[in-house]
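Novice: Here is how the chains run, residue by residue.
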Amino acid sequence: MILLAPLLIALLGALVVLGFRNHQVATRAALLITGLEIASLMVIIRQVHERGVLQVGRYLRVDGLSSFFLINIAFISGLVLVYASGYMRHPGEGRFTSPRWFYALVFLFLFTMISVCLSANLGLMWIMMEGTTLASALLVGFYNTKGAVEAGWKYLMVCTVGIAFALFGTIVLYLAAVKAGMNPDTALDWAALMEALPRMGFDSHLVKLAFVFVIVGYGTKIGFVPMHSWLPDAHAEAPTPVSALLSAVLLNCAMYAVMRYDAIVSHAVGAAFPHTLLLIFGVMSMVVAGLLILVQRNLKRLMAYSSIEHMGIVAIGLGLGGPLGLFGALLHIFNHSVGKSLLFFSAGNIRENFGTLRMDRVTGMARTLPQTSVALVVGSLAIVGLPPFSLFVSEFAILSEAFSQRRYTVAVLFLAVLSVVFGGFTYYLLRMLCGDDPKSAPANGRLLPSEYSVMGIAGICLLFFGVRIPHIFTVIIQDAMAVLR
Amino acid sequence: MPLGSIDFAFCFLLATLGIFAPFVLMASQAKKIRVFAIALIVASNIIGCFVAALCFWRQSVVFVDVSRFTPFPFTLGIDRLSALFLLLICTVAVPVTIFSASYVDDHYGQRRQNWIWAFLSLFLVSMILVVTASTGFAFLIGWELMTLLSAGLVLLEGDSPEHRHNVFLYLLMMHAGAAAVIGSFLLFLPYSHTLDFASIRATSGVVPAGIRMLVFSLAFLGFGTKAGLIPLHIWLPRAHPIAPSPVSALMSGVMLKTAVYGFVRFVFDFLSGGPWWSGYVVLLVAAVTGLLGILYALAENDLKRLLAYSSVENVGIIFLGLGTSMIFLAHSAPVWAGLALAGALLHAFNHAMFKSLLFLGSGAISKATQTVDLEELGGLQSRMPVTGATMLVACCSIAGLPLFNGFVSEWVIFRSLLAGAVLIGTKAQVILPLMVGILALIGGLAAACFVKVFGVAFLGRPRSEAAEQAQEVPLAMRAGMSLLAAACIVIGVFPGLFLRPLVSLLQVFVPGAGVPPETLSIAHIIPITAAIVLGVTIAVAFVKRRERVVRTWACGQPGLTSRMQYTATVFSKPIRFVFSSVYRPNRKIDRLPSDQAYFPVSVTYRSVRTTSYEKAIYRPIAEIVLSAANQLRRMQTGNIQVYLLYIFLTLVLLLAFLRFQQ
Amino acid sequence: MGLVAFATGKILSSFSVFLFLTILLLVVSRRFSTSVMLFSVQSAIIAAEAFATGFRERLAAAYVVAALIVLIKVIAIPCAFFGLANHLKTSSDMKASTTPTQSVFIAAAMIYLSYAAVQSYGLSVHVPDDALAAPVALILTGAFLMVSRNKALMQMLGLLVLENGIFLAALTTTFGMPLIIEIGVFFDILIGLLLMGIFAFRIRDTFDHLDVSKLRRLRG
Amino acid sequence: MKTAINIIQALLLILGAPLVRGIVARCKAFLQRRQGASIFRPYSDLAKLFRKEDLLPPTASIVFRFVPFLLFGTTICVAAFVPLVQPSALLASRGDFFLFVYLLAMGRFFLSLGGFDGGSAFGGMGASREALISSLAEAPFLLSFVALAILASHADIAGIVSWTQQQNIFNISAVHMLAFTSLAMVVIAETGRMPVDNPTTHLELTMIHEGMVLEYSGPRLALIEWASAVKLHSMLALLVALFFPWGMASSLSVGGIFLALPLYGAKVSVLMVLLAVIESGMAKLRMYLVPDFLGVASAVSALAVIFTMLDKR
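Residue numbers (my numbering), protein chains in the order written: chain A, 1 to 485; chain B, 486 to 1147; chain C, 1148 to 1367; chain D, 1368 to 1680.
To be clear, the hints were calculated from the coordinates, so they are not data collected in a lab. Check the hints yourself; a few may be wrong.
Cross-link-like lysine to any residue pairs, in silico, SDA-like; alpha carbons within 20 Å at most [stated by the list, open to error]:
(1) A:K179 <-> C:P1275
(2) C:K1361 <-> C:S1244
(3) D:K1419 <-> B:Q1126
(4) A:K146 <-> B:Q1126
(5) D:K1415 <-> B:R1031
(6) D:K1419 <-> B:N1124
(7) B:K1058 <-> D:L1670
(8) C:K1242 <-> B:Q1126
(9) B:K1029 <-> D:E1420
(10) C:K1361 <-> A:K179
(11) B:K912 <-> D:K1415
(12) A:K179 <-> C:L1206
(13) A:K146 <-> C:F1354
(14) B:K1029 <-> D:L1413
(15) A:K146 <-> C:G1367
(16) A:K146 <-> C:H1356
(17) D:K1419 <-> B:V1034
(18) B:K912 <-> D:I1673
(19) A:K146 <-> B:K912
(20) B:K912 <-> D:M1676
(21) B:K1058 <-> D:E1571
(22) B:K1058 <-> D:F1660
(23) D:K1634 <-> D:Q1534
(24) B:K1029 <-> D:R1418
(25) C:K1361 <-> C:T1245
(26) D:K1651 <-> D:Q1534
(27) C:K1242 <-> B:N1124
Please model the entire structure based on the sequences and the hints provided.
Specialist: What follows is the structure, given as structure tokens:
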């Protein structure tokens, strides 16, 4: 039953928040609901950690892998909503731009993403994945500016088309399962599939076909190159908290779906085929995004491309497989979420103070916005994978796996792209930090305690995980890996 | 792990520098507490020297294992090599800290001071981490931190656009180098399943030749970038001069040596020699580096840039020794290999001493005169006697004059080069002895270069008001410089003290390197020589004579002014003329007014070097990358239909792939 | 094979012939309203097919699905489209970036391609080739429409056609997925269309046109 | 005994140095159809200078004051490396010629500094030219030593000398010739003789060594002059010892020593005459031709080193 709690809380929360017209009240309510949400998720994770698998009915199930992603969702959404409580303090003009709408949509968004992780049925998972698109499309277009509308439309269209292919893939897998003689009712249940696969001979060709469609479909949501086109627009135009949610949670949910299919397909036709595809997409995303980082002008677009690059890294980790590869990939998912949300938060502050995200208009930050610049520097150093921050650890793990499997091409490309990305980040970072004070004097460098605290938490988390990964966290990752192997 | 007393001292060193001192220095504004913290840094570094010396003597391996906490194995151990470099770091750190104690405080505002001190202390820790790490993970963490912190320190000096550009270049090249280093570590992975140095060492035997070659090449690239081998050096003359002087002292004197450490660790410890050709490659690159480095240094008039280029030259000399040693190893002549390695390591040590002394001196000059442009200086010797004396010692040492430490290491390298003749029937038989000529040329040019430095900056008449008004620097700075000068002289006069332990160290890395008797000859001949020279000098100095100060004669010309002295530019002119093929200078003379060629109001002369590695190598690469990026950017057209097309095409391609796959 | 199966096979293939016809008409039609009408006809055919399948396989679920199709795709969505078109007061021309002749050729090529594509699968599922080729052709057509038509509404329609194809594929190969999933899918389609409608309005309000090929502020 | 002889030969080198100068000057005078000063003139010059008072320029710092003493000290030390009457020297040791060369370099280093400290234009000028010559002269200097060392497979001067002594005078190898040529050229450059430098000029365009010592006077000048004389003498002695060692006392017999001494005198005077001939025969090279001169020397010495490989012995 507990599995229903987060879903209900999110749904009801969305409705409740809509009820409050007063901004402060709505904000407080939202924070309260978030608290409940996180609490319920924590309970679930705890029980999973004790019992292994939780199941309610035929359509809801949580195991190690999903609980790992639930942790991710809980942590990030907590940070984001606290940040948003400060960020949304001055509401935009026009209909549907008041905080209550914002929170309502955010809770819907959370609902869909959580249910992606909770669903035991691949079909349901698809429905919810489509749901994430629908729920977040309005958030992307929230400000109703030209850019926002355009980005929203592209996001909606591209992702819906992509997702449609994922549906086709799901159907093909279903077909394969049914043909192999599985009961049509459970033929889309991943647990059932996993335990049926060894027994029944699946039509390997159909399974491969299914995986191709699925990886293209869900890959669109992950932002694999060349299906990534929607991603920078959406990230750049959405309100900052939403950008954080998109790149730190949504992409991971899509990645979760791919992982599920990867596990199933590897069981059916061996790991070679899916892992090759993952490696191809991973390397392609890394290289292209890494190069595009060099020529960006808008800070949030830069970060969006870096998200693509990091999803590529995760995909490479999965594609390599092996203990270190999987460990690195999962760890990297979490680290990237934290680092990227920290970056987006600081981007939000820059937006508030300089009134622009054009990087050539932002100068002399180090003097005018000391705290934000510290956050930005920490986040960037972490994101480009320098010690002592956590992303160094996960990238080091993936690299080690690549080398110990003698995948020298992948490894070399990996290292090269990391250097390129480092170059891009350092270049723009130095330009923004140094230099003379800007003509448009920033509003006020002071941070709200809420922004302050979440940035602090994120930064400390990055540093801490770089020095020492808590044992409990390692155990959880081990559980997740156990599912994938 | 029993926490022995040495281990404890070592941990104390790390804790003080890494945690306590930065924290206190960041937190407190109170003068007393600062002084205490700084004193603590000095003290812990002195302790570090003792720890290093102890570990050095009785091969006692300090071992600190914190792998229980860290995601990957993280252990620190001090074997002899690490001990040597730990000694180097701490020895330089002490005077530099003392110097900064007064330098930093009257150069920067309160907030900057805090940052600088915190970073300085952390910077020291990161370097100690590098040389004492005994797992790849620990090494890499130290390596990256070292770069970051030094860059931070450079940024604290100022953030003008070109400053920023130099820092960017520095960071970028360092990161590329670090990538190469990471690669060369991880290449061992398939064979030794952990990056623990011990296991790498153990399994390096089974690594196939191809991989060994790759490891060597990557290590050479990576560490060569950090060490500043030409053509990977371009960051060095840009980054070192713009740092605060004590920091440049640490960067040039110590940080470059960590690269030497890494290279020795890889080539001699892990690969025990590398492929047969590697020695020759290193030798060649080193020779080019040394020669070009000193030539570029000669052409510079900005003292700190000049010093940076001379660092390039000295790195060249160090790698010359290393290359020689590798060749001897490849031809299985361990005794001479040992000698050459000893020479290289000793030169690394000596260079740390005199180069940091020189940078501190430049700091003192800039404090006294607000400039380090040689053309603005002159006559400082009589105004700042202590600084002058220490700088003179440093110049003699770096010029490789006998009785100073630079000569000892160069002598050892000369000696081993000469010994190349014993490799009958190999290329080395001639190549190595011929290298003596190259090294001699480098030495001669270095002497010329530092005659210029000392002569122009400290002797003759002051060339500017600022130099005229220069005052001697405060006690702390003088003390710091004097310590280093003393070190230079001691090593120079009693080489045995350092050569013998060094040679004994090499048993570990070069199996069968017995104590070469040759090392002893210099050890006993130098003190006698010193005795004679000093004896005679003092004797004749005490001969009674009448002295009188009159105006400079100068063939009787009246009205002599400082403008009539030889300038730094014209001093190096003959050499620049001879080697003009190296500089390819672009000269330009403007006469104003241009119509009267014979009675010009003003004549300006510019001569700029046109040979540039940026133009030749780096800019093309950057342009390729950027153009690729712009191509991709164009593919991101913004038209949704194109985006959809991409998706469909991907799908079709994958389906085709699937079709033809089976 | 048995008589019934044979008969159904014939029916299915004849259905698919009709589908190909709609495809050809869709790609050449210049007016938005025509395209919508064609879409609803297409959906009607699919509904019939679902009904037939239900009849043959004795699947209650299939009947429900057929009913849903009729309700949503044959009636609701076309009406919604017409309403939308009226509210947006958009010109009925859909700004095709290809001439009808080209379109016909491309459509033909796509139909041929779909046949070629299903060759290898035809044997693995016991349905006639053309019954399998139809959905593929639909998917391709949807894609083609989305890529070649600049009008926002037309892109939505293309998406729907594509969706139809996928649905048809599910129907012909697996006789439909579990009911709840189907319903969920329908629900998603509805919401999706709703949102797209909203965005269509917003585009009209902010840009004063519905030409998506002109939305190119965000690039690079 | 041995040490005593070593000390004696060092002293001979030092005390005989002015005489060498005198003789060379006398020979030049003879060649120029002048009847020059007595060969002992340099001694009286030194004595006179030592008696004079010492004039210092106002800019002179401690460096200026100490340079002559240091120069003298190093040069004395240099003299202690050269075998004269027996194949050994006071400071003989393995690899001593590196030390030998660098001690000379040390002297030059300080002399150049002294030139700078005068505060006039000439000092710097001399220093700059000296820097050019010396930096280019070091390579051939060392390389010719290296060639001989490889040939004799001895890493010290005395060793080379004694080895050469044991060879038959008639099978001198090509290495010897080449090494001698380059070393002779280096000696000319190092000691500042024609055609590299004119020791007697005080013309701005031509002076190198004189430019550096322009501001010195009295005892300091005397020391500098004496030092340069010692330098010249030890160089010539070095040439003698390395290439014509025959007749040195291989065993420590009094007779041998007393036979070796006049022989040495003969050999060195031949060299002196040669030097005089060269000096009066050749015009001074243009400043920028000196590098070519030294370049030739370097090439020859490099050849010498390469030839050691071919030389089977």
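Novice: Would you pick out the hints that fail for this structure and give their numbers low to high?
Specialist: 3, 6, 7, 10, 11, 19 and 26
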